[in-house]
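If you use my numbering, the sequence shown corresponds to residues 6 to 160, in order.
It should be emphasised that the hints constitute simulated quantities derived from the structure, not laboratory data.
The hints are all genuine.
When the alpha-carbon atoms are kept at most 20 Å apart in a straight line, the in silico EDC-like pairs for lysine to aspartate or glutamate are as follows:
| no. | residue 1 | residue 2 |
| --- | --- | --- |
| 1 | K87 | E21 |
| 2 | K51 | E28 |
| 3 | K95 | D125 |
| 4 | K51 | D10 |
| 5 | K95 | E83 |
| 6 | K51 | D17 |
| 7 | K87 | E98 |
| 8 | K51 | D32 |
| 9 | K51 | E21 |
Pair ranges (Cβ atoms, derived):
| no. | residue 1 | residue 2 | range |
| --- | --- | --- | --- |
| 10 | D17 | V154 | 27 to 35 Å |
| 11 | K51 | R115 | 26 to 34 Å |
| 12 | W23 | F153 | 13 to 21 Å |
| 13 | A122 | A52 | 37 to 45 Å |
| 14 | R115 | D17 | 23 to 31 Å |
| 15 | S132 | F20 | 15 to 23 Å |
| 16 | E28 | R121 | 38 to 46 Å |
Just so it is clear, the structure is predicted and the values come from calculations on it, not from any experiment.
Ideal Cβ placement from N, Cα and C applies to all residues, glycine included.
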Amino acid sequence: MIVFDLCCAVGDHRFEAWFQSSESFADQQVRGLIACPVCGDSDVAKAVMAPRVGAKSNQAAMPATPAAPESAGEVTPELVRKVMAGIAAKQAEMLPQSRWVGRDFADAARAMHEGRAAEDLIHGQTSPEEAQALRDEGIAAMPLLVPFVPPEATN
Numbered sequence: 006m007i008v009f010d011l012c013c014a015v016g017d018h019r020f021e022a023w024f025q026s027s028e029s030f031a032d033q034q035v036r037g038l039i040a041c042p043v044c045g046d047s048d049v050a051k052a053v054m055a056p057r058v059g060a061k062s063n064q065a066a067m068p069a070t071p072a073a074p075e076s077a078g079e080v081t082p083e084l085v086r087k088v089m090a091g092i093a094a095k096q097a098e099m100l101p102q103s104r105w106v107g108r109d110f111a112d113a114a115r116a117m118h119e120g121r122a123a124e125d126l127i128h129g130q131t132s133p134e135e136a137q138a139l140r141d142e143g144i145a146a147m148p149l150l151v152p153f154v155p156p157e158a159t160n
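Using the sequences plus the hints, can you model the full thing?
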């Protein structure tokens, strides 16, 4: 596995993503499968990042340095778990307040945007290409950050 710092073109949002390999990243990027978790932009590129180099196995471990407080910007596994749990909780709270439109998501979003349907909170499914077309038309849409099982797929 490899981790890349990524950046979207629209909002210059930075985020991190894991991939099987560099080739896997390139394949997903070309197919438009990677999207910014903040704005949904699929025009994503690798951001400049410092390499993560592990210590040689024949060297003694470096003495531990005092950890910086979270307010200083250190990202710890515990902080990541807390943030992801918060995102999952907020998504779980909001989904019942929105209407499932299934594969008609793009059409429903366009109808609301064009005034042909009442504005409503909706969630559904669409292809990466259709999601990009919505963004190109100025229609706000973003992927759910936590995996979601469509109602017809649940037992």
